[in-house]
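Enquirer: As a plain string of letters, each chain reads:
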Amino acid sequence: MEAIYKKPETLIDTPTHYCPGCGHGIVQRLIAEIIDELDIREKTIGLAPVGCAVLAYNYLDIDMCEAAHGRPPAVATGIKRVHPDKIVFSYQGDGDLAAIGTAEIIHTANRGENITVIFVNNAVYGMTNGQMAPTTLLNQRTLTTPQGRDAGADGYPLRMCEILSIIDGTRFIARTSITSPKNINRTKKMIKKGFQTQIEKRGFSLIEVLSTCPVYWHMTPCESMKYIDEQMTRTFPLGIFKDWENENKDNN
Amino acid sequence: MSTNKNQKFLLTGNEASAEAAILAGCRYYYGYPITPQNEIMTHMSLRMPQVGGTFIQVESELAAIYMVYGSAAAGGRTMTSSSSPGISLKQEGISYLAGSELPCVIINMQRGGPGLGDISPAQSDYFQAVKGGGHGDYHTIVLAPSSVQEAADLVFDAFDLADCYRNPVMILGDAQLGQMMEPVVFEKKQKTDLSAKTWALTGARGRKRNIVKSFYPVKGELEEFNIKLQKKYREIEAEEVRYEEIDTENADIVIVAYGTSARICREVLKEARKKNMKIGMIRPVTLWPFPSVIIGRVAEKVQSILTVEMSAGQMVEDVRLSVNGKCPVHFYGRTGGGIPSPREILNKISELINIKEKITCATS
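Going down the list, the protein sequences come from chains A and B.
Counting from 1, position 38 in the first sequence corresponds to residue 20 in the working numbering; the numbering is continuous, with no gaps.
Counting from 1, position 195 in the second sequence corresponds to residue 176 in the working numbering; the numbering is continuous, with no gaps.
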């Protein structure tokens, strides 16, 4: 009998360290599937972030590099300039990309670096025990917003796709989620498009994935999925914010 | 510029360092402007495209050092340069480079500090350069040129040492060295017998995947890694100490000075000779590893050692450790961008000789 669903070759067969209901495992499996499908395992270099996903290299059987908090886009730039024909992607969380690494992501996007960024947004700092992230929703309770995030004191949730899509150097910017098989399939399609954007040397791509952190949201995994659909997407609407294919159509 | 063999160029220390890097095979340069080292950047922006290399004027010193990190991890010869406040920003990345054992070259043309300070020459980043600078138990190899020719020569050595030991190498100059012009000949060549970078990230074609990291969360792993690093540092200390020794035979007083200070002290030595004063000098070329053994040996036979620095006294601590009580260690320094004159240093030496006479009188 032919197996129609199996472990991707790029995914390493090892016990996971992620909490039950965490989205990282889903996103990383998708990356492994895409690398297999595009047949780029031997030419892909990935960047593991800080935070819970620092051990991404335990799961993806490719050349990988760590980067300090916020710096993956700079490290990815350094790698890509040495190997312009390799596929370089960074995997970053919300604190990494939208707080300490805001300068790096903006300027890497602005240079139009031909890399792909996978931005996992779960609106909280997981590894450091649940402090406020730049993407924490208004009124969301975290360890450092015990009464809920207050715009006056803490500022507003930062919408990175919207910011990045107005930068001339970007070519493909999309926001997806992992709350249903349909959304997971769509996330896969978008990440794959990000890789294809790079393979075709079209420039900078970023896919923001709205993901779960049941432990620091103090919810069950199922409640967490519902929370994304019902609450998170109000602040962070899903969609494609920039697409080089449409730009070409407009130009024609 | 074309660089035919034995052709002599009149260049600033900054330009000579940049050109030497290109001739040494550096193809990835990332930098952020800061005086007094901007000529390194401008030279790179012109030359890198000519040799098929990469030049990026980066948004910050942090991003610059992490682009260096990326290019080093990918197996490229890579460099950044800055001056004191900028180097402070790069220290986070330098710790990561040391922790991931990545080779690269960092030039620091020091200026006065602390804080924004000024743009005058200083040697007040010694502690930061040789004691680690960033977090963790690590060392950067530190080379200290005292002429434009040596600035160029040491760049070649810096890249080779970095690759040989998989370690960041810092060239510690200062505003004077960076800005002054001297004739320079590019004679050195890149070493050809270095091992292939089999650890580099190139895509896992036909081999097991490579991982570049400095994170060791499993208990005991990090200590094991640190012990391995320390073993490497001991090897570097045994193999790579460099210094210049001038007139130390029969000297009464030996000066220890590096870089621009040592250059000024050469004049002091000339003047002293005219006055029949027996003064010698040890000039550390590697500040880490430090030439402790030779300083300790010389300390056994001299009246005293005088350390001269453009700082409030930083290297003098390493000199004292090297001397280990075998003779008195004195210090003369100017700080905040002040440059000592030969006359000032000679006065200090005269003072030391008078102290000796007084001690002799008191005990006789």
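Worth flagging that the hints you see were computed from the coordinates, not collected in a lab.
Wrong hints could be hidden among the right ones.
Claimed, not checked - In silico BS3-like links for lysine-lysine, alpha-carbon gap of 25 Å or less:
| hint | chain 1 | residue 1 | chain 2 | residue 2 |
| --- | --- | --- | --- | --- |
| 1 | A | K68 | B | K282 |
| 2 | A | K208 | A | K68 |
| 3 | A | K25 | B | K329 |
| 4 | B | K259 | A | K68 |
| 5 | B | K213 | A | K68 |
| 6 | B | K259 | B | K189 |
| 7 | A | K171 | A | K(-11) |
| 8 | A | K174 | A | K224 |
| 9 | B | K212 | B | K194 |
| 10 | B | K(-11) | B | K170 |
| 11 | A | K(-12) | A | K183 |
| 12 | B | K282 | B | K212 |
| 13 | A | K183 | A | K25 |
| 14 | A | K(-11) | B | K307 |
| 15 | A | K208 | A | K183 |
| 16 | B | K178 | A | K25 |
| 17 | A | K224 | A | K171 |
| 18 | A | K(-11) | A | K174 |
| 19 | A | K174 | A | K(-12) |
| 20 | B | K(-11) | A | K25 |
| 21 | B | K251 | B | K213 |
| 22 | A | K(-12) | B | K189 |
| 23 | B | K282 | B | K307 |
| 24 | A | K25 | A | K(-11) |
Only a predicted model underlies this, so the values are computations on that prediction, with no experimental measurement involved.
Enquirer: All the hints need checking, so say for each whether the structure fits it.
Expert: Going through the hints against the structure:
no.	hint	result
1	A/K68 with B/K282	61 Å, violated
2	A/K208 with A/K68	38 Å, violated
3	A/K25 with B/K329	63 Å, violated
4	B/K259 with A/K68	63 Å, violated
5	B/K213 with A/K68	32 Å, violated
6	B/K259 with B/K189	62 Å, violated
7	A/K171 with A/K(-11)	18 Å, holds
8	A/K174 with A/K224	15 Å, holds
9	B/K212 with B/K194	19 Å, holds
10	B/K(-11) with B/K170	16 Å, holds
11	A/K(-12) with A/K183	31 Å, violated
12	B/K282 with B/K212	32 Å, violated
13	A/K183 with A/K25	15 Å, holds
14	A/K(-11) with B/K307	69 Å, violated
15	A/K208 with A/K183	37 Å, violated
16	B/K178 with A/K25	17 Å, holds
17	A/K224 with A/K171	15 Å, holds
18	A/K(-11) with A/K174	18 Å, holds
19	A/K174 with A/K(-12)	19 Å, holds
20	B/K(-11) with A/K25	44 Å, violated
21	B/K251 with B/K213	40 Å, violated
22	A/K(-12) with B/K189	22 Å, holds
23	B/K282 with B/K307	9 Å, holds
24	A/K25 with A/K(-11)	20 Å, holds
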